[in-house]
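Enquirer: Top line first, the protein sequences correspond to chains A and B.
Take the first sequence: its letters are residues 1 to 288, numbered as in the numbering used here.
Take the second sequence: its letters are residues 1 to 156, numbered as in the numbering used here.
Careful, some of the hints might be misleading.
What the hints assert, rightly or not - Mimicking BS3-like on lysine-lysine, the simulated pairs with C-alpha atoms at most 30 Å apart in a straight line are:
no.	chain 1	residue 1	chain 2	residue 2
1	B	Lys155	B	Lys111
2	A	Lys102	B	Lys22
3	B	Lys155	A	Lys171
4	B	Lys81	A	Lys173
5	B	Lys134	B	Lys111
6	B	Lys134	A	Lys66
7	A	Lys79	B	Lys22
8	A	Lys171	B	Lys23
9	B	Lys23	A	Lys71
10	A	Lys66	B	Lys78
11	B	Lys95	A	Lys213
12	A	Lys79	A	Lys66
13	B	Lys22	A	Lys173
14	B	Lys111	B	Lys95
15	A	Lys79	B	Lys23
16	A	Lys102	B	Lys23
17	B	Lys81	B	Lys69
18	A	Lys71	B	Lys22
19	A	Lys213	B	Lys111
Treat the hints as calculated values from the structure; they're not laboratory data.
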Amino acid sequence: MASGTQTSKEYIQHHLQNLTFGRHPDGHWGIAHGAEEAAEMGFWAIHLDSMLWSIVLGALFIWIFKNAAEKATAGEPSKLVNFVEWIVDFIDENVRGSFTGKNDLVAPLALTVFCWIFLMNLMDLVPVDLIPMLFSLLGVEYQKVVSTTDPNVTFGMSLGVFIMMIYYSIKMKGAGGFAAELTMHPFEAKNPIIKILLLPVNFFLEAVSLISKPISHSLRLFGNMYAGEMIFILIALMYGTSVVLNLTGGVLQFVWAVFHILVITLQAFIFMVLTIVYLDMAHQTHDH
Amino acid sequence: MNINLTLLGQMIVFVIFVWFTKKYVWTPIINALDERRARIVNGLAAAEKGQQAQSVGEEKAKQIIAEAKSQAAEILTKAEKRGSEIVDEAKDGAKQEGDRILASARGEIDKEINMAKEQLRGQVAALSIQGAAKILSREVDASVHADMLDDLAAKL
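All chains, please: the whole structure from these sequences, using the hints.
Expert: Laid out in structure tokens, this is it:
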């Protein structure tokens, strides 16, 4: 709510500020009050809200699925087990469809990515002021509940996938094979001199395409969720002014939330599919 | 929007979650699914076997029923034959019995006839005497011919 003491700008900025714990420039550790202080902390700071919500939601996912996994038998499944098995089967089908190599880690990785991101995105549907207000009653200044609107979170995951890509590329193709993949494409030549001449060009192109993978991977999710969250905040600005605006805001929020159900599922799915595809590319050995 | 330690923290959490999912979630669920799939395959095979056994049984049952039907038909014709035989026998018996009864009835009738003849004879004699007596009474004096009349009456 845009209350009298806050301007719209302050309201938006307040909503986009993480609860940051870090080292102040003067050396002592503490919670940042405001965006400037958080920025001054530099790298040595941690977003408590992002970590809290991502861990809570990840733990929720694991708890539900672990429960189901313990009950899962070859016999008749209960409703929860059935639901979990349905998701597992769905992921399994996707992995089988896109991943041609042999790696037992990819499917559980895809499951984790899909469910975890879906749950984090789902927090976007909680009214934007609800949880921050409850936390402010407890004396917590900032609270950003949608972890996927924090680039640290999305980059954390995409870099995790990127490291696995590099690891499996080297493991499957050997260090030489991986280097060849980076330097012998897309321009190929039979003549060794031209080959050497083309090497830096190829390397530049391949390096760009390689590095752009984790960046686009994470920014796609971050951008979508950040924009979605922003629109919820803008809609929330309409409340508390006049009856007409209140009603319009309510309708808009409902419509956007319904549309967002699609977006959050789709973004979780896309992140999962890209994870599978990237790892599949890492596992492919080219025979030229 | 700052890149900071959260990135590393997130990567560590990510790895832990993936490891946990692989070990405690994915493997048991996929195992259970595979096991169930195997069980369903076995169940389907067993069902097919059962169906086959059923069709074999049905065939056998049909055979047995056909046999039973032919046997029943045989028994029926036998029974019919025997029945007609019994009827014939009964007819013969009845005829003999009838003849016998007829013969004895005839004997009885003859007897009765004879008896009636005897009676009639007596009555005829009495009547003829009466008639004769009436005719004679005009010419015969009873007192005169009393001896003869008494003698005749005694004879009759």
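Enquirer: To test your reading of the hints: which numbers does this structure violate?
Expert: Hint check: 3, 4, 5, 6, 10, 11 and 19 fail, others pass.
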